[in-house]
Amino acid sequence: MPASEPATRTLISPAQLNRPRGRAVYWTVFTVVVCVFTLVFLGPLYWMVTGGLKSTQEIIQNPPTLFPRHPEPGTYVAAWRHLDMTRLLLNSVYYAFGALLFQLVFDVAAAYALSHLRPVFGRAILGLMLATLMIPAAVLIVPQYLTVVDLPIVHIGLINTPWAIWLPTVANAFNIFLLKRFFDSIPADLLAAAAVDGATPAQALRLVVLPMSRPILGVVSIFAVVNVWKDFLWPFLVEPDPTRQPVNIGINSLALNVSQNEIIAGLTIASVPTIILFLIFQRNIMAGLTAGGLKG
Amino acid sequence: MAALTVSPRTAEPRTPSTGPRTRGRGGRRIRDNLTAHGFLLGAVVCFALFSWYPMVREFVMTFQRTRRGRTTWVGWHNFIQVSHDPAFWQAWRNTVEFTLLALVFGFALPFGVAIVLNEIRHARAYLRILVYLPVMLPPVASVLLFKYFFNPDSGLFNAVLRVLHLPTSQWLNSAATAMPSVVIAATWMNMGSAVLIYLASLQNIPGELYEAAELDGARLLRRVWHVTIPQTRLILSLMLLLQIVATMQVFTETFLLTGGDGPKGSTTTVVYLIYNYAFNFNNYGGAAALSVVMLLVLTGFSALYVRLSREGG
Amino acid sequence: MQRTDLRRLAAAATVAVIGLSGAAACSGDKSGSDGGSGADGSAPLDRNAKVTITIDCEPPTTKPVQRKEWTDDIAAFNKIYPNVTIKSRDASPCEQPAAYAAQLKAGTEPDLFYSYFTDLGTALDAGQVTDITKYVTPETVPAWHDIDPSVLHTFSDGGALRGLPRNNYKMGLIYNRKLFQQAGLDPDKPPTTWDEVAADARKISALGNGINGYGEYSAANTGGWHFTAELYGLGGTMVSAGGTRAAFNDATGKQVLQNLYTMRWVDQTTGATQGFKWPDLMTNMVTGKEGMYVGAPDDITYMVETLKGNYADYGMGPMPGGKGTLLGGDGYLFKKGLTPDQIKAGIAWLNFELLTPGKGQFDWARKKADGLPVGLPEPFLFTGASAEQDSRNKAASATIPLANYKEYVGTQVPGRVEPPHAQEIYKVLDTAVSAVLTDRNSNIDHLLKTAESQVNQVLANS
Numbered sequence: 001m002p003a004s005e006p007a008t009r010t011l012i013s014p015a016q017l018n019r020p021r022g023r024a025v026y027w028t029v030f031t032v033v034v035c036v037f038t039l040v041f042l043g044p045l046y047w048m049v050t051g052g053l054k055s056t057q058e059i060i061q062n063p064p065t066l067f068p069r070h071p072e073p074g075t076y077v078a079a080w081r082h083l084d085m086t087r088l089l090l091n092s093v094y095y096a097f098g099a100l101l102f103q104l105v106f107d108v109a110a111a112y113a114l115s116h117l118r119p120v121f122g123r124a125i126l127g128l129m130l131a132t133l134m135i136p137a138a139v140l141i142v143p144q145y146l147t148v149v150d151l152p153i154v155h156i157g158l159i160n161t162p163w164a165i166w167l168p169t170v171a172n173a174f175n176i177f178l179l180k181r182f183f184d185s186i187p188a189d190l191l192a193a194a195a196v197d198g199a200t201p202a203q204a205l206r207l208v209v210l211p212m213s214r215p216i217l218g219v220v221s222i223f224a225v226v227n228v229w230k231d232f233l234w235p236f237l238v239e240p241d242p243t244r245q246p247v248n249i250g251i252n253s254l255a256l257n258v259s260q261n262e263i264i265a266g267l268t269i270a271s272v273p274t275i276i277l278f279l280i281f282q283r284n285i286m287a288g289l290t291a292g293g294l295k296g
Numbered sequence: 001m002a003a004l005t006v007s008p009r010t011a012e013p014r015t016p017s018t019g020p021r022t023r024g025r026g027g028r029r030i031r032d033n034l035t036a037h038g039f040l041l042g043a044v045v046c047f048a049l050f051s052w053y054p055m056v057r058e059f060v061m062t063f064q065r066t067r068r069g070r071t072t073w074v075g076w077h078n079f080i081q082v083s084h085d086p087a088f089w090q091a092w093r094n095t096v097e098f099t100l101l102a103l104v105f106g107f108a109l110p111f112g113v114a115i116v117l118n119e120i121r122h123a124r125a126y127l128r129i130l131v132y133l134p135v136m137l138p139p140v141a142s143v144l145l146f147k148y149f150f151n152p153d154s155g156l157f158n159a160v161l162r163v164l165h166l167p168t169s170q171w172l173n174s175a176a177t178a179m180p181s182v183v184i185a186a187t188w189m190n191m192g193s194a195v196l197i198y199l200a201s202l203q204n205i206p207g208e209l210y211e212a213a214e215l216d217g218a219r220l221l222r223r224v225w226h227v228t229i230p231q232t233r234l235i236l237s238l239m240l241l242l243q244i245v246a247t248m249q250v251f252t253e254t255f256l257l258t259g260g261d262g263p264k265g266s267t268t269t270v271v272y273l274i275y276n277y278a279f280n281f282n283n284y285g286g287a288a289a290l291s292v293v294m295l296l297v298l299t300g301f302s303a304l305y306v307r308l309s310r311e312g313g
Numbered sequence: 001m002q003r004t005d006l007r008r009l010a011a012a013a014t015v016a017v018i019g020l021s022g023a024a025a026c027s028g029d030k031s032g033s034d035g036g037s038g039a040d041g042s043a044p045l046d047r048n049a050k051v052t053i054t055i056d057c058e059p060p061t062t063k064p065v066q067r068k069e070w071t072d073d074i075a076a077f078n079k080i081y082p083n084v085t086i087k088s089r090d091a092s093p094c095e096q097p098a099a100y101a102a103q104l105k106a107g108t109e110p111d112l113f114y115s116y117f118t119d120l121g122t123a124l125d126a127g128q129v130t131d132i133t134k135y136v137t138p139e140t141v142p143a144w145h146d147i148d149p150s151v152l153h154t155f156s157d158g159g160a161l162r163g164l165p166r167n168n169y170k171m172g173l174i175y176n177r178k179l180f181q182q183a184g185l186d187p188d189k190p191p192t193t194w195d196e197v198a199a200d201a202r203k204i205s206a207l208g209n210g211i212n213g214y215g216e217y218s219a220a221n222t223g224g225w226h227f228t229a230e231l232y233g234l235g236g237t238m239v240s241a242g243g244t245r246a247a248f249n250d251a252t253g254k255q256v257l258q259n260l261y262t263m264r265w266v267d268q269t270t271g272a273t274q275g276f277k278w279p280d281l282m283t284n285m286v287t288g289k290e291g292m293y294v295g296a297p298d299d300i301t302y303m304v305e306t307l308k309g310n311y312a313d314y315g316m317g318p319m320p321g322g323k324g325t326l327l328g329g330d331g332y333l334f335k336k337g338l339t340p341d342q343i344k345a346g347i348a349w350l351n352f353e354l355l356t357p358g359k360g361q362f363d364w365a366r367k368k369a370d371g372l373p374v375g376l377p378e379p380f381l382f383t384g385a386s387a388e389q390d391s392r393n394k395a396a397s398a399t400i401p402l403a404n405y406k407e408y409v410g411t412q413v414p415g416r417v418e419p420p421h422a423q424e425i426y427k428v429l430d431t432a433v434s435a436v437l438t439d440r441n442s443n444i445d446h447l448l449k450t451a452e453s454q455v456n457q458v459l460a461n462s
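Chains as they are written, first to last, in our numbering: chain A, 1 to 296; chain B, 1 to 313; chain C, 1 to 462.
Isolated chain A (complex conformation) (with noise of 0.2 Å):
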């Protein structure tokens, strides 16, 4: 019974699964949570899968049916076709790697000035930053929709733009949060040390802090991507222009206008890029979670 990973003592002691009556009951539990899970978690996905196969009368027929009974891959091809899929993918990489960048930039600075720079008011901008994770997002959705509409002072408009994803994602508190605390565990003397040698508070950011950082930025840089991949109702927002839309609001705004078989196959295309990413990260983005959500 090779255990996958060095067993450690949990709710159930090694001694009670080893024993007959413990082993059968554990295989039957295990049986049952491998198919329950897999029909669960998979079906809806072979369910998509399939339905992308499936003619137009044969996906809104009912009863539905298991296997498509003439399995057309041609709905594919129309799909990526009709629905532009090329444009809409790119969109959204787009949009989360640009937001990625600006947060790294920028929160990685603000964090690193506020943790070792010490500037004046910096406890004072620290806290007003931090008192903005006590607003739920959702609240300040139509004031932020009129600031992006029109930017006070400069009034410039930033719909359908890129920037109105970007910029608002810098202001993400957590991040400061998350930066800051890993940072300041970083010894001051690492820093003063650079600073004898000469090193410009840039260079010190660059050489020394950035290097020790790679674990905390993984975790940041990973609920960039994601949340910027997944969110709906601001780039609903904001990115009118159905040339300019992410992958998740295009897709909406066609589902009515194309027949449903095109439309699942063009959800399967859509989740492939997500799963194929998380099945190389997994390790990466499971740890990440856990360490952002615990510590958060």
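Check the hints yourself; a few may be wrong.
Unchecked claim - Per the computed footprint, the stretches of chain B lying under chain A, defined by three or more beta-carbons under 8 Å from a beta-carbon of chain A, are:
#1 71-84
#2 99-108
#3 202-214
#4 217-224
#5 266-279
#6 282-288
Said to hold, decoys possible - Once the Cα atoms are required to be at most 20 Å apart in a straight line, the calculated SDA-like pairs of lysine to any residue come out as:
#7 K203(C) to T287(C)
#8 K105(C) to T72(B)
#9 K449(C) to R245(C)
#10 K449(C) to P86(B)
#11 K230(A) to S309(B)
#12 K134(C) to D341(C)
#13 K308(C) to D150(A)
#14 K147(B) to G43(A)
#15 K308(C) to A78(A)
#16 K189(C) to P340(C)
#17 K406(C) to N310(C)
#18 K336(C) to E58(A)
#19 K147(B) to P64(A)
#20 K308(C) to K230(A)
#21 K68(C) to R81(A)
#22 K105(C) to Q64(B)
#23 K308(C) to E58(A)
#24 K105(C) to R65(B)
#25 K394(C) to I147(C)
#26 K178(C) to K230(A)
#27 K147(B) to L233(A)
#28 K308(C) to G43(A)
Note that these hints are calculated values from the structure, not bench results.
Just so it is clear, CB atoms sit at the ideal spot from N, CA and C, and this is done for glycine as well.
Using the hints, position chains B and C against chain A.
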């Protein structure tokens, strides 16, 4: 309104001479401060524009009304108007119903699943990936899938129920079952992260505690009650608060599944009502008033969360 | 044409009662922005003038044929006006309420922006519309005198014309000819009163096999929308003449709900599944489970193009009751601040594409050649000679059985526009319609009374 504008310039001090208690020569101090504020600038501008200023503006807007491009002060009119809207109370009832249901499914269920998963010695990676997979899907994919499943006539769920000779449901098409259906979809979409967070905290429980409990003759459920739950109490309470704050803001799920209202307004949530006031009824003042009410309700939970997470962190 | 009920339903809500608003004079976007000297204001566009205009609602990539026709038309237009550059934006749907409100607020709408008839108030509110009255003449729009005045009326505000129409429709009764035949009914004789609807529904439901005689929407504002159309059919009105009070709590309003109640609970011809919204009933009709429902002609296009049904299977009759029906439509408004040349170029393009019998959207021969359906009773923008010419053209190229819509086209039912604050009012009435369809013990008097007071509140708050 202009007087209340928090501009990035005023929020960001340009006069380091007011900064007291800094050691070293004046010129050096000023230069250090300028450098530090240079590092802060990008984030501060973004916070000012997209958090601080909107917050102030929201409160101002609650007392204003705009018609044909002209803005007037209307006192408490917006609050009075929204509180007389029957949809207001319905939206709050629906939101609380969603939150409570989501707590049963989205809070208790993942904890149970995590406890079971933690005992399983095989195929652990596979099971974890399965649970977390829906979290990674674009929400529009998950939601539209469930929308098709819920269709009372041609949907998968009723087809399965018919095969099993169980009573079928109207799912999203009936006022009584619309909100529970939304909760089912939302739980499927979101429970993965909660399960993984619980799993991580379960793995931090020292094995000796279970051994000691066992020596005391504690059986399975008692061990859960006396060891597992107390040991994960902090994370449980954090997740509870997080869950409350997140679920009270539900929008995407109901908006995509039922168009927002649902049968007889049964899935109208507070955030959807805010959306409706602002973007369909063109009543930004009313939307701001609704937002402020929501803010007051949720701030308590958020504050508690922040306090707890600082203690525990 | 390719528009859907949902899109027109999605119209933003702040809507002036068209033609009733006497306050037009103070909309304040006239001076300066129309530009141009009064003298040459009405002259057609100078062919040498170099102009660029932007326009939305280009057919989306999901409609490749229509998109190609649009592009071809621009090329043909550029043969006449080589110096006009038309930049198209596609959008699908052409209008979404949040996006529409957003573009007006931000001023990012294109020069010619797609709007429903009911959007004019919202656009005026945002101060984003230009007065084009003096530019639209028989010289710039040759079919001018044949355009249905009631259609132009919907895009006018206090006598000032703000836009040009693209499409219009009247609601009627859509029915399944196949099921009519199976039930022993005459598929060429759709019911014209609610008693006949109920009687036919009983016969269709008797076919069994999960088939319902009649279907009704009751969610996402579509219930209130259909209530309005059916109320108009019985001669009722939604709001009082001044648009200040609800006017549907009377015998006709009761009759509308009573009809639905009878079909749902006494005759049991609507099935147990309720809470439908656009486009659920179309799906049911395509799968052969629905006998009749209230809808607009382009529902049939949707059933065929998107849901892959057959034109032969669907017919259309007039709105039961026949005293009136809901009229809707869409077109383009002109953005504030355009130069006179831009306005003229815009009018020239819209005239070319949308308002010339035999050309653009009325080029039925090309549509037939491209494999698009020809013969639906929509749009009907023209009267007089242009209308006759268009009907002849359409009949010559018809690809779908015109006879299926004979009753709908042949019966003169006066069209009436949506009430002010339509979406808010529809939302209120959704609840009443839904209650009747889901609660056997629902009290119609009480439902109407509640709805009336809520609608009064909506109107009072505006």
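Hints violated by the structure (listed by number, smallest first): Hints 1, 2, 11, 13, 16, 18, 20, 26 and 28 contradicted; others consistent.
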